[in-house]
Amino acid sequence: MSLAIGDPAPGFRLPTTTGGEASLAAMAAAPAVVVAFWCNHCPYVRAWEERFDAIAREYADHGVATVAICANDAVSHPGDSFEAMAARAAEQGYAFPYARDDSQEVPRAYGAERTPEVFVLDRERRLAYHGAIDDSTDPDAVTVHHLRDALDAVLAGEAPERAETPPVGCTIKWAR
Amino acid sequence: MAAPDRLAVSFLFSRECPSHEEGLALLRAAARDAGVDLDLTVVEVLTDAQAAELRFAGSPTYLIGARDPFASAAPEHAFQHDACRAYARPGRRIGPLPHHDDLVAALRAGRDRA
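Residue numbers (the numbering used here), protein chains in the order written: chain D, 1 to 176; chain L, 1 to 114.
No lab work stands behind these hints, which were simulated from the structure alone. These numbers were taken from a predicted model, which means no experiment stands behind them. All C-beta atoms in this analysis are idealised placements derived from N, C-alpha and C, irrespective of residue type, glycine included. None of the hints are false.
Which residues of chain L face chain D? A few of them, derived with a C-beta cut under 7 Å, are:
no.: 1; residue: Glu16
no.: 2; residue: Pro18
no.: 3; residue: Asp82
no.: 4; residue: Cys84
no.: 5; residue: Ala86
no.: 6; residue: Ile94
no.: 7; residue: Gly95
no.: 8; residue: Pro96
Could you put the whole structure together from the sequences, leaning on the hints where they help?
The structure is reproduced here in structure tokens:
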């Protein structure tokens with residue numbers, strides 16, 4: 001079951017592809033946090049990758065912290081291994097930390113099921129938005145910018161007009 | 001066996017990937033634009049064993065005259081029923097479905113081979 005809007009976000013501390021750690025506690029000063037469940041292999045992630053990176057980059061200027069978490073089982077999907085994640089993040093020059101969750105506890109705690117699937121946390125680290133990045137895998141066909149709209153609302157101290165949208169993506173690959 | 005004036009196409013999909021309905025609609029639209037009548041078989045892939053047997057490269061997969069026009073040399077993962085397929089799209093983009101024009105071209109090529 002997914003977090004409900006207004007629920008406090010579960011904390012986490014995970015290793016990142018650059019050798020550091022990503023934790024919710026370390027993002028305490030950010031006015032908003034984006035937690036995205038992510039991976040390498042999924043075509044939906046690939047379709048949104050550039051747009052998501054641009055959003056992370058742009059909103060970092062407003063203090064927003066972004067983290068992407070890959071929890072896919074690397075045994076069944078070696079393309080999502082930690083080494084492959086590091087290569088992808090470096091190749092694409094991700095503007096956000098790309099963290100690994102081998103335990104798969106973080107997506108379970110958030111109730112995430114797909115990649116990509118984003119959770120926007122407000123200043124109090126309560127869930128303000130959950131769902132898709134925008135409304136189309138095709139960047140030329142986007143009409144509603146869900147994640148941007150949610151971040152604009154949270155930064156303005158308001159609740160997003162649309163707090164939930166269905167995430168569109170591959171299923172998270174749970175360990176079997 | 002397809003009727004002589006129809007092109008045999010199999011549409012392999014998994015419900016784990018949200019693009020299957022859009023992918024089927026794309027196939028029908030591409031067939032219309034290619035001027036191809038389809039002898040269509042729709043196969044839902046439900047297990048990894050079935051995925052391995054079908055060499056299922058991910059959802060959706062189009063087999064046109066038993067050939068996979070979008071096959072890559074090395075699949076990125078083992079054959080699994082819940083895999084979503086990545087397609088190269090114009091502008092060096094990747095997406096969950098092929099571009100309409102690429103599917104039209106694949107159908108025309110399939111018809112010419114038949």
